[in-house]
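Line by line, the protein sequences give chains A and B.
Just so we're aligned: the first sequence equals residues 1 to 115 in the numbering used here.
Just so we're aligned: the second sequence equals residues 116 to 1017 in the numbering used here.
Just so you know, the hints here were simulated from the structure itself, not pulled from any lab data.
For glycine and all other residues, C-beta sits at the position ideal for the given N, C-alpha and C.
Among these hints, one or two may not hold up.
Stated by the list, open to error - Cβ-to-Cβ under 7 angstroms is the rule here; a few derived chain B residues that face chain A:
id	residue
1	Glu135
2	Phe138
3	Asp139
4	Asp164
5	Leu165
6	Gly166
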Amino acid sequence: MTNPEPPPDRLEILQGTLDMMILRTLQWGPQHGHGIGVAIRSSSDDILQIERGSLYPALHRLEKQGWVEADWKLTENKQRAKYYRLTRAGKKQLAVEESRWNRFVDAVARVMRPA
Amino acid sequence: MPWPPRIFRRSKDEDELDEELRFDLAEETRLRIERGESPEEAAAGSRRDLGNLTVLREDARRAWGWTSLERLLLDLRYACRTLRHSPTFTAAAVGTLGLGIGICCFLFSWLNGLVLQPLPGARDPRGLWGLQASVSYPEFESYRDETGVTSSMSAFLGPAAFSVGVEPGSEPERIFGHLISPDYFSTVGVEPLLGRFFDAETERPGAEPAVVVSERFWRTRLGADPHAAGRELRINGRPATLLGVAREGFVGVFPINPADIFLPLSADPSIAPELADGFLTDRNRKDLHLVFRLAPGVTEAQAEAALEVLRRRWNDEGGELDPNQNKRARKAALTPAGGIGPWPREFSLGSISFFGLLMALILSFTCANLAGLTLARGAARGREIAIRLSLGAGRWRIVRQLLTESVLLALTGGALGLATAWAMLKLVLRSVGQLGSFPPPLEVTPDWNVALLTFAVAALAGAGFGLTPALAATRTDVASALKKVPGDGLRRKRWYGLRNVFMVYQLTAAMTLVIMMAFLVAGIRSGGDGNPGVDVAGLSVFSLDPARDGLPPDEAAAALAGLPERLRLQEGVEAAALAHPRLFQSFATPDANVTVPVHGTSAAGEPDPAEAPHRVALRAIGPGLFAAMGAPMLRGTEFSERELRSERPSDMATPAILNHTAAEELFGDADPLGKAIRQDERVYEVVGVVQYGAPAVFSEKAAPLMLQPLTMSDLRRTPAMGLTVLVRGRGGILPADLPGRVERIDGRLTVFRATSFADQLAQMTQAVQSTTAIYGSVGLFALILACVGLAGLTAQAALRRRKEIGIRVALGARVSQVMSLVMHEGAAMILAGGVFGALGALAISRFLASINEQYAQVLASGVEPSHLLAGPLALFAVAAAACYLPARRAAQADPLDSLREE
Chain A
1 MTNPEPPPDR
11 LEILQGTLDM
21 MILRTLQWGP
31 QHGHGIGVAI
41 RSSSDDILQI
51 ERGSLYPALH
61 RLEKQGWVEA
71 DWKLTENKQR
81 AKYYRLTRAG
91 KKQLAVEESR
101 WNRFVDAVAR
111 VMRPA
Chain B
116 MPWPPRIFRR
126 SKDEDELDEE
136 LRFDLAEETR
146 LRIERGESPE
156 EAAAGSRRDL
166 GNLTVLREDA
176 RRAWGWTSLE
186 RLLLDLRYAC
196 RTLRHSPTFT
206 AAAVGTLGLG
216 IGICCFLFSW
226 LNGLVLQPLP
236 GARDPRGLWG
246 LQASVSYPEF
256 ESYRDETGVT
266 SSMSAFLGPA
276 AFSVGVEPGS
286 EPERIFGHLI
296 SPDYFSTVGV
306 EPLLGRFFDA
316 ETERPGAEPA
326 VVVSERFWRT
336 RLGADPHAAG
346 RELRINGRPA
356 TLLGVAREGF
366 VGVFPINPAD
376 IFLPLSADPS
386 IAPELADGFL
396 TDRNRKDLHL
406 VFRLAPGVTE
416 AQAEAALEVL
426 RRRWNDEGGE
436 LDPNQNKRAR
446 KAALTPAGGI
456 GPWPREFSLG
466 SISFFGLLMA
476 LILSFTCANL
486 AGLTLARGAA
496 RGREIAIRLS
506 LGAGRWRIVR
516 QLLTESVLLA
526 LTGGALGLAT
536 AWAMLKLVLR
546 SVGQLGSFPP
556 PLEVTPDWNV
566 ALLTFAVAAL
576 AGAGFGLTPA
586 LAATRTDVAS
596 ALKKVPGDGL
606 RRKRWYGLRN
616 VFMVYQLTAA
626 MTLVIMMAFL
636 VAGIRSGGDG
646 NPGVDVAGLS
656 VFSLDPARDG
666 LPPDEAAAAL
676 AGLPERLRLQ
686 EGVEAAALAH
696 PRLFQSFATP
706 DANVTVPVHG
716 TSAAGEPDPA
726 EAPHRVALRA
736 IGPGLFAAMG
746 APMLRGTEFS
756 ERELRSERPS
766 DMATPAILNH
776 TAAEELFGDA
786 DPLGKAIRQD
796 ERVYEVVGVV
806 QYGAPAVFSE
816 KAAPLMLQPL
826 TMSDLRRTPA
836 MGLTVLVRGR
846 GGILPADLPG
856 RVERIDGRLT
866 VFRATSFADQ
876 LAQMTQAVQS
886 TTAIYGSVGL
896 FALILACVGL
906 AGLTAQAALR
916 RRKEIGIRVA
926 LGARVSQVMS
936 LVMHEGAAMI
946 LAGGVFGALG
956 ALAISRFLAS
966 INEQYAQVLA
976 SGVEPSHLLA
986 GPLALFAVAA
996 AACYLPARRA
1006 AQADPLDSLR
1016 EE
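Chain B extracted, bound-state conformation (with noise of 0.2 angstroms):
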C-alpha cells in the first residue's frame, strides 16, 4: 500500500515483532516435539496459546507509542480504502458536502462582503452614521452647527466622475470620487499614508485646486512614488496639487461605489462641475450625504429627534410640508454609515435573517441527507463491524475509524464546496457592475475566516453524522449480527424510523427551499429580456462628459444640446436623442413621491389632504428620445428643442411624460393629458403617454416612470455616468464608428461607454440573470439531493423486505401489488414533507415580511400562482419516480434469488 508513505520507525518495530514472534512459535514448537508432542499438535498448540493476536499488535503498537499522527495515517489510510470500494455512496455523500458548503459559504461571503464587513480603512467604523434621505449645503451646515447632538459632522457628494491625468499630455482616464466637506476624513477617522489632507487653507473657496487620492490610485496610477505628495495631476484639464494619500483600503465612505480622488467642496465649479450654479448656497439641490458621530452620550433617538426637528424646520421654511407623503420614507432615519453600503438597518436585518435561515435550511438539510446515508451505510456495515470486534478490535478504535472515515468525506467535501462558493462568486462577480476603472473592493472572495468556518462546519457534520452511526453500529451484539442478514430484527427497525425521520426532514427542507426558490426566480424572471419596448435594431449608445473634458459650462451645454442635429445630419444616421443615464439603469427605482391635486390643473393653493401620494422614477430625457428608441407614444407629444434649450427652475408648469404604468396608476381610465401633477414644491403638467419600461422585478408591471424634459442647466452640470447619446443608424453603423463621427463634429469631445442597445441590455440583465441562476440551482440543489436520498431510503427498505417480497411473489402476488407495498411508505413521507414544507416556506415568508418591508412588498406582489407551482410539482414528480425505481426494480427480481440467499 503505497499510501500513506510508510513511516520508517513504524515498519522497523513491525517488523521486528514479526520477527520475534515466528521465532517464539519455532521455539514453542520445537520445545512441545521434544516434549513429545506430534508436529501437527505443536504447531496447533503453540499457536493457541500464543493469544489473540490482532489484541497483541494492537497492545504493541500503544507500546511504541504510537503518534497520533500515525494512528490517524492507518485510520485514513483504511478509509480511503473503504470509501474507494463503495464509490457511489462516497460520490452522493462528497457531492451532497460540496454543494451543501459550497452554496452555504457562497451565501456567507456573499452576506460577509456586502453587509457584515466594515467600512475599510475607518477608525470605529461601527459609531458612524448618516441620514437616509440626502441633504442640501445649507442644510448640512444647519445640521452641523445647530443640534449639537453629534462629536463631528461631514458631508460629501458622490460619487463624482473626474477625468485624471497624471502626467502632463498623457490620455486622461475618468475616475470616481467625492467631493467633501471640512472634518471628512477626521470624522470617519482616516489618516493621511502620505502627504496631508485639506485644512482652513486649502478649503478656502479660491484656494489653489488641491486633491487627496487613494492607496490604490497612489501605488497603481503613481507608481508607489514616495515623493508624490506636492506632484501636480490634471484634473478636468485643469492642474491641481496633490496634498496627500489616504490610508490603505479607504476609497470612501459606501465604498460599494468607491471613491479613489478627493476634492473639497470648496473647490472651483471648472473642476468640479458639480458644484455649478452655487451649489453651496442651493438650498433645493439636495444631492450631499452626512457622516457623522454621535455627541458622547447621546442615543440614536435622541440624535433622530433633534435631526427631525431641524428637518421640519428646512421642509417648513421650503413651503409646505405635506402631511400625506410617504412618513416613514421622509422622516429623518439614522442610517449606519460604516459599512459598504448605505445599508438602512432594516436592510442588513432583513439580508442577515434570509441569508442566515437559508444557510440554516441548506446545512441542516445537508447534514440530514448525511446522516441518512450513512445510517444506511452502517446498517449494512454490522456485519463487517461484527468482524473486526470479533478480530480484536477495540470498540473506541472502530468508532474512530468510523469517524475519520466520515471526518474525511466531510473535509474532502468542504474541499469541493470551497471550490463551489469560488467559481458561484466569480459568477455573480462578474455580473456587478463598474463605474470607473476600479472596481468596488468587495471582499466577497472566500477569505480565511469564511473558509474556516467552512471547514468547522463540515467537520462538526462529519462528526455529527459519524458519531451516531459509529455507536451504534458498535453496539452490535457480535454473535447476532454474525448470524442474522443485514437488516433483519427489531434493532434494525428502531434505525430505520430515525431514518425516515431524516428522510421526511429532508423532504420538508427540499419543499421549503424549492418554494421560496421557485418564487424568487419567477419573481426575477418576471422581468423578461429587460427590454423596455424598443426596437434595438441598428440602435447604439454612447456616454459624453465634456465638463470633464476641460469645456466651460456654457460651451459644454451648448456642445451636447447641439450635437443630436448633428449627427443626424451626418450620412447613415437616422436619429439621435439624448438622454439621462439613469433612465437606463436596471431597476427603474422610484425616487419621487408625487401626488395628482384633487382640483384638476388649480395647482396653486394648499395641498388637498385626500391627494394620495404615488412613487415613480423621475428621469430627465431630450427632445425625439422615443422616437429614436421605436417606443410609440400612446398619447400627447414627446419634448421639443425649445424645452431642452429652456433654463429651469421656471414658474411656469413643466412639462412632463408619463410610461403607460403611471398614467394608469395616477388616472386610471381618465384621460391624463393636461392633467397637473406636484412633487414637492414643483408642478407638473401631462404632455404624453408613452409605452415604456421593462416589467420590474416581481412584478408583471412596468415600474411607474415619469419623464422631465433635459434643460441647458442638466447639460452644464453632466451627472457623474456622463450623458448618454442614442444614435439609430441605417445599417453599418457600428458603436466603433462612433467616437470618429464625434471627433468630426467637435474634437473637443470624448466618447466613452460606446456599445449597441442590444449589448447594454444584456449587461444589463447579467446580474438578474446570475442571480436567477444561483437561486435556481439552489432549488435545484434541494430538489436533487431530496431525490437521492429517497431512492437510496426506498431501495434500502426494498432490500430489508426482499425475503418477505420473495415470499410474496412467491405465492402469486402482482408487480403491482408488490410495489404499492414498497412505495407506500414513500408516498407518505413525500406527502409529509409537501405539506410540512409549504408550511414552513409560509412561515420564513411571513417571518421575512414581518422584519423587512421590502420582503413584504415583494410577497405582496403576488408573482403568478402558476409559476410557483412548478416547483413544488417538480418535486413531487421526481421524488415519485425516485421511490417508483428501486420499487419496481426490488418487484421485477426473481423470488428465487432472495429467498436462496442465507
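Extracted from the complex, chain A is given alone in its bound form (with noise of 0.2 angstroms):
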C-alpha cells in the first residue's frame, strides 16, 4: 500500500516540529486528538499536510515526556475522547522549542535572503 502523492502546493512537515505545533495548540485549551490535527490544518490554511495517525504516537510521546496530561471526557457529542491538556513542564518546552524555531528560522532566512 503506498500513499497518494500529496498535493504539490501542500508540505511535509518538517520533522520535530510537530511536537511544537501541537504543544502551540493545546496552549488554547483542552483538545482531543482530531481536534488538533483539524487545528493545525486550519490555522495553516490547509497547507500543512499531515497523516492524521501520525499526531497519535506524538501525543502519546509527549504525555510520556510529561509535556500533556490526558482525560477521557464527553465530547458535545456525547462521544468519549481523549482530551489532551498542556502541563507546566509543557509550557516550558513550548516557550524553549518557540526561540529555537525562530532561531532556525532566522537563520535559514539569512542564508536563503542575504541582507
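Now that you have both chains on their own, put them together as the hints suggest.
Shown next, in the form of C-alpha cells:
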C-alpha cells in the first residue's frame, strides 16, 4: 500500500516541528487528537499536510515526557474522547522550542536572502 | 493469546490507542459528511488520511517506551507461534541442536572432570610434580635430599585399604587411604580443617598410631563432630588416635583413586601391612609415588636432568643398566601431579586435542545443518516477509524477529542438550569403578561453567545461523517477491549454492565422524565379551584381606594359603584357588619389560645387546588356578603348592607361566618350556603355557601375560584390593553362601565382594560397553543428521524445479529420467562429502598420532578393515535413500498439479 502523492502546494512538515505545533495548539485549551489535527490544518490554511495518524504517537510521546496530560471526557456529541492538556513543563518546553524555531527560521532566512 | 502473560500497562495503552483511533475515524467521517461527501466516500477518505496503521502503532509503542523485555515477549510469542506452525522444522532443528550440544557438553564435562580439573583442595596445583615411575623409600630419600632442585618433596603409598571402625564394636568399613611421608600435606598445600597433621613426634617410628581423615569421612562417618580431634578409631583392628581432618575437598593426590584416611609411612606394619618386611629400607619395593614442587628458578628440564642422574646411579647400584630397555619409559620424566589422575602431559595433550577436535567437528557440523535448515526455511518464508515489510514492519524489526526465533530454537536445543549430556554422563559414570566406600570426586556432572558455555555456544550458533538468512530474507525486493513463486529467480540460485556448500560440509563432517567412531567402536568391541577363556558356569569369586581383619602377617598368610585346600574339602566345592586381584582387571596393562637371553638358559652374565625388550603384564597366581577356571594348559604344568609355601626372593630362577600370546611374542614357534626370561635383575624359567586372556582393546589378540607364583611374602602383604579366591561349585553354590562357608572354616576372616564370575565379567565390560555406546551414538547422530539434511535439501531442490519437472513429465520424460535429474546433485554431494570426509579422518588420525604415542599405537594396531567399511557404507546407503525418496515423490507428482500452481 502506497500513499497518494501529496498535492504540490501542500508541505510535508519537518521532523520535530510536529511536537511544537501540538503544544502550541494546546495553548488554547484542552483538545482531543482529532481536534488538534483540524486546528493545525486550519491555522495553516490547509497548507500543512499531516497524516492524522502520526499525531497519536506524537501525543503519546509528549504525554510520556510529561509535557501534556490527558483525560477521557465526553464531547459535545456525547462521545468519549481523550482530551490532552498542556502541563507547566509543557509550557516551558513550548517556550524553548519556539525560541529555537525562531532562531532556525532567522538563520535559514539569512542564508536564503542575505541582506 | 494467553502467552506471554499480558502486561497490564501495555494492554491499557493499546486499548486507549484503539479507542482514540476509532474516535478519530468517526469524527473525521462526521465532518466530511457535514461537508457534503457521501457516507461511503467519507469513511474511505477518513481511513485513507489516517495513514499506515502498522507504522503508527509501532511508533506509538516506541513512544510508550516499551521495555525491551516487552518487545522480546512479543517477539517470543510470535516465534512460538511460527515454530508451532512448522513442527517438522522445529523438531529437526531442536533435535539437531539438542543432540549436538548434548554430545559436546558431555565430551567437555568428561574432559573437564578427568583432565582439566585441578587437584581439589590443593594450593597452586599447577606447581605440583611427580615422576612417571614409582620409587622405593631409600630412593625417595636420596631424591629429596641430594638433588637440590626441589623446594619440598614428599612421597605416598596408595591407594591402600584400611578396615576402619568408628565406634568400638561397630562393624568396620573398608576405606582407602595413603601412607604418607613427612611434608606430604605441606608440599601439596593442604591445611587442617580441624586438629593438626603429623609432626616429628607422631611420625617417629614406634609412636602411638595416629591418623588424619578427609573432610567427607569426618562429615559422613563422624557426624561432623567438632571435637573429633583426639577421638579413637580402630584401624585394621588396632586403636589409633584421630589427629585432624584435612581441608574440604582434599581426598589425596591423584583423587581418581581417592584417599580418605592418611597414616605416616613410619606407622607400624601391624596397622599398615603394606609396610611389613622392612619396606622403608627395601630398595626393590618401588611402590612410592613422588609429589614435589620445584625450587625457585629451577626449570622442568633442569629438574629432570638432575633426577635422571640420581636415577641412573640408583639403577647402576642395583646391578646392570640395560641399554635396550625402553628408554622412553625408563627416563625420569616429570609428570604433572596437580590433576585428577597421574596423567602424563602427553596423555592430557592427546585427550584435549582428541576431545577438542571431536567437539569442534560436532558443533560445526550441527551449525552447518542448522544453517542449511534455516536457509531453506528463509527461502520458503520470502513471501511472508515481503508481506510483513509491505505492511510497514521495519527491516530491523523483522531481523530481530527472525533472530529471536533462532535464539529461541538455540536455547530450547541447549536445554535439551543439557538433559542429553546429563543422561550420557549418568550412563558412563555408572560404569566408573568404585574401589571403596567413597566415590572418586569426579566433577563430571554438567557443572554451571559447562552449562553456561553450552548456552553461550547455543546462543551464538543461534545468532550465527539466524543472522545471515535473516538479513538475506529482508533484502527482498518487495514487489518481485510478492509476484514470484518461492525458489524462483537468480537470487535464489545463489542462496541455493551456499546451501550446497553447507551440505557438502555436513556430509564431510559426518563421514569423518562416522569413520572415526567406527574405528573406535570396532577397536573397543574387538575385546568381545571380555571372557579370557573361562568356563563361567558355577564359578564364583570373593576377596579376603586377613591383615586388615587384624591378623598378624604370619597368621594371615597361613590362613590364606590353607584356605583353598579346606574349601575343596567342603561339600559341593569342586575347585578353589588364589589369585592376585590384578589378574582380573579389565585391561591387562603391560607393566613389565622382559627380555629373552639369547644364549639359552645361561641366565648369568651381561645382557646381550641383541636381546629385544618385550612388554608383558606380570601377574601372580596360586596353584591350580587355571584348572579351577577351566582354562587349558597348552604345555607344561601349573604352579604347585610348594611355590606358594616358599619365600621370595630366592636365588633360584622363579617359575613362570606364559599365556599363548606372550609365548608367541617371546619365543615364536620355538618351545618355550625351560627357557629363561629376564626382568630387571630377576630371572624366570618358563614351566607352562596357558590359553588365557581376552582380546585387548584395539587388538584381535589377547594381551601378553606372564604369571609368577604367589608366595608367602605376597600373602603376608595383601594388596589394597585384597586377595581373590576363586571357587567352582558343583551346582547349588551361590556367591551369597560363600561368607558363611569361609566363616565356618576360619571365623576371623571377613569375605567381601563375593559375586559370580559372570557378574564380575559383566561389571568389568560395562565401561567398555558404555564407551562403545557413546561413540556409537556420536557416529549414529552424525549419520542421521547428515541424511536428514540431505533429504531436506533434495526435497527443496525438487520443489524448486517442480515446474520444470512438470513440463518434462508432461512432454513424456520417464520417471527414471526425472529422478536422475534430481538425484544428480545429491549424488555429487555424497561423493564429494565421502572423499573429503575420508581425507579428514585420515588427517585427524595422523595429527593425533603425531602428538600422542598411545593414539599412534592404537592406529598402528590395525583394526579389521571390514569393520571400518561398515560406517561409510551405511552413510552412503542411507544418504542415497535420503536423496532417493524425495526425488521419487517429485517425479511421481501429477504434472498438472505443479503446472497449475501460479
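Evaluation of the provided hints:
no. : hint   : result
1   : Glu135 : holds (5 angstroms)
2   : Phe138 : holds (5 angstroms)
3   : Asp139 : holds (5 angstroms)
4   : Asp164 : holds (6 angstroms)
5   : Leu165 : holds (4 angstroms)
6   : Gly166 : holds (4 angstroms)
Taken one by one, the earlier hints all hold for this structure without exception.
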